[in-house]
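From just these sequences and the hints, can you work out the full model?
Read in the numbering used here, the sequence shown has 46 at position 46, and its numbers run on one by one without any break.
If you're looking for bench data, these hints aren't it; they were derived computationally from the structure. For each residue, glycine too, the CB sits at the ideal point set by N, CA and C. Don't take each hint at face value.
Claimed, not checked - List time: in silico PhoX-like cross-link candidates among lysine-lysine, alpha-carbon distance up to 25 Å: (1) Lys340 to Lys329; (2) Lys138 to Lys173; (3) Lys208 to Lys278; (4) Lys278 to Lys380; (5) Lys332 to Lys368; (6) Lys361 to Lys329.
Stated by the list, open to error - Pairwise CB distance ranges (calculated): (7) Glu269 to Asn207: 22 to 30 Å; (8) Lys9 to Lys340: 44 to 52 Å; (9) Arg325 to Trp100: 52 to 60 Å; (10) Glu343 to Glu220: 39 to 47 Å.
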Amino acid sequence: MQNTMALIKNPYIIGRPIYDPEYLFGRETIVSFIQDRLTSRAKVIVLHGQRRIGITSCMNYISRYVSVDGFVFFPLSLEDKHHYSLDEILYDFARDIVDWLGISGSTITIPSRQDLKVDAQEFFGIFLQHIYDRLEGKNIVLLVDEFDVLWDDESTKKNPLINFLTSIINRDKKIFIILFVGRQGNSLEFVNYLFGEVPHQELGLLNKSDTEKLITEVAEGILDYESEAIDEIWELAGGHPYYTQLLCFSLFQQARNLNRWNVTRQDVEGIIDESLVKGEAAFVSPLGILSPREKLILSAVAEAQEIATEYSESNIFNSLVILERHHGKLTKKMKEELTKAAEHLVYLGFLQKIGEQELGKKIVPVYKVKIELLRRWLLKPDSLKIEIEKIKELFPQKSLIEKIWYSGLFNWGRSHNN
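Next comes the structure, spelled out in structure tokens:
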């Protein structure tokens, strides 16, 4: 019996998108939203969320299992294509569309890169007409993943595909687009600027009921979770689908190694550290969109919570107090900018306001890191703190706050965005 159980594959998924609909939970409202908007002929729809929240998995599900009368979905990805030319991207798109339909390249002409370079509108338009003929009059819905790689942080440099899509949307009545974007500060505003006011929906955290389904149904009949273990996973992952899968993945490995298939709260507490190591990329990636000020205040909030563990949450120090304690007096301007950074982190879903506190003569907000597992990762010596040390070494004559404030070097995480 032990040998048989040791061979069971871990059913929890980390590090890759989900394709099986049985492993996707809590996205029913997203499906209804898309069906309603397409039925009402919305030409552009936006789904947005933090990186690692399950955007690509949701796109996979929509393209394979969602049905809207008169529409056919085509999944397309811009991952690692931010530097591609227009002809390169359209050529890849054309091949992906043909592959998705399962038709031979010999029965339909895919425009060459040279043709697309000469006149992308004409040759891609001819290609689409061939696709329409195959679809017998149905509409095409392009699901474009990682759309936000096409422009820089200031929206000053943009890939020519953006202009191509805005043109084709206005010209072709049978083309519809669903854009999947990571939640950057200007993503929605920029998309609205490009296409006009567009309907959008956030891919956010799961509620507790859906989280419990994810925990228990994926390994149903194999793992037996005690209710306290489920509560502990909820407290740590906060409904984040990836972090929930990460913890459960580690729990399954432990159960298989020990041949003990009952999961307790103590089991959950015992796999936290290894999960933080195993899920490194999933903690790094979402932070890539944050500014130096936002990273600084996020780290300070995490530390403030840690200090407060020996008291109660209502006594959490204000993060500005933490920064002054370690790094010297903050100027009025710094306090104002850091307060704005904290507010933006609330908007982005990294922080949650839990109350207010007196700071000098002012009443200031107090925050907590929204996801406890992320907070614990932030406290690791090799997370944000290593970047702070780098800046210390480069600018030893200035205070740490000034180094981060005026340095353009705090771009940690940018290379880990994907």
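Hints, one by one, checked against the model:
| no. | hint | in the structure |
| --- | --- | --- |
| 1 | Lys340 to Lys329 | holds, 18 Å |
| 2 | Lys138 to Lys173 | holds, 11 Å |
| 3 | Lys208 to Lys278 | holds, 24 Å |
| 4 | Lys278 to Lys380 | holds, 13 Å |
| 5 | Lys332 to Lys368 | holds, 23 Å |
| 6 | Lys361 to Lys329 | holds, 16 Å |
| 7 | Glu269 to Asn207: 22 to 30 Å | holds, 23 Å |
| 8 | Lys9 to Lys340: 44 to 52 Å | holds, 47 Å |
| 9 | Arg325 to Trp100: 52 to 60 Å | holds, 56 Å |
| 10 | Glu343 to Glu220: 39 to 47 Å | holds, 42 Å |
Violated hints: none; the structure is consistent with every hint.
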